[in-house]
Amino acid sequence: MAKHNSHRAPGRPVNGAARLAYKGIGGAAMLGTVVVGSAFAAQGASAAPAAPAAPADVTAVTPAAPVTPVATASLSSGSTLYQGSRGDRVEDLQQLLNDHGAGLAVDGKFGPRTHAAVVDYQRDNGLQVDGRVGPQTRASLNGGSSDSGSTSSSSSSSSTSGSSIVNIARQYIGVNYSYAGSSPSGFDCSGLTSYVYSKVGIDLPRTSSAQAAGGTRISKSEARPGDLVVWSGHVGIYAGDNKVVDAGSSKGSVSERTIWGSPSFVTYR
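Last residue of the sequence shown: 269 (UniProt numbering), numbering continuous.
Just to be clear, a hint being listed does not mean it is correct.
Unchecked claim - Simulated crosslink set (EDC-like; lysine to aspartate or glutamate; CA at most 20 Å straight-line):
#, residue 1, residue 2
1, LYS220, ASP241
2, LYS109, ASP92
3, LYS199, ASP241
4, LYS109, GLU91
5, LYS199, GLU222
6, LYS243, GLU222
7, LYS109, ASP120
8, LYS243, GLU256
9, LYS109, ASP99
10, LYS109, GLU256
Stated by the list, open to error - What follows is a list of derived Cβ distance ranges for each label pair:
#, residue 1, residue 2, range
11, GLY261, GLY144, 37 to 43 Å
12, ARG170, SER249, 31 to 37 Å
13, SER264, SER198, 37 to 43 Å
14, SER249, ARG123, 38 to 44 Å
15, ALA213, THR258, 44 to 50 Å
16, VAL106, ALA180, 20 to 26 Å
17, GLN83, GLU256, 18 to 24 Å
18, GLY87, SER209, 40 to 46 Å
Worth flagging that the hints you see were computed from the coordinates, not collected in a lab. These numbers come from a predicted model, not from an experiment. Positions of the beta carbon are idealized from the N, C-alpha and C atoms, including for glycine.
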């Protein structure tokens, strides 16, 4: 039987797959041709600095457009507004009430819904609740102080207003009584009260019955100088100390006298 010669003939090339070890550069034994190649590649690599990271995307910021202020309505000074009033000032009133959540139609007509919204606003803001928009309610709607802390200030203002009403009324003591008169040339009872109140910016209805119905009914103990004293078919201005300034046909002129009978008291402040 022939025997295989396990000895390589001199000069026979070494098969790459059969090689077990190869002396690589630096004397280290490297296994396999792939490893040898990797060693050469690793040794040949240079320690180059890392490439700088690409800058992050920058989102352009567009400046915000300027905000245009929204025009806010304001209520100009003038006569007191009440149910039945109409016009541009009522529209301004309705817009201001809507700013406080009233939800009114801005139609310039002071009807029951506007009256109810005024009452709600006055109640919520510590004002005299009468459904009428006079100086105090107007100032509050225009941005004046209207919290409960302003109550003492409001009371002081009302007191001053009441004194002014009485003082103005007293200027006309002695003026002749004139049926349907509403000027210093002659007054009837409601003509005097409406004329005097207009001097302090409060617009009263013209007749005594309408004046009695348009304000807020109060007790005598609640009455302050400047409120109205009301009898059936007659009205005057409370002067305090159980006195009234009125234009009475029985007296024939404007006078200040002691209150008689059992009248009612009405306030518009």
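Hint compliance check: list the failing hint numbers for this structure, sorted ascending. 3, 5, 10, 12, 13, 15, 16, 17, 18
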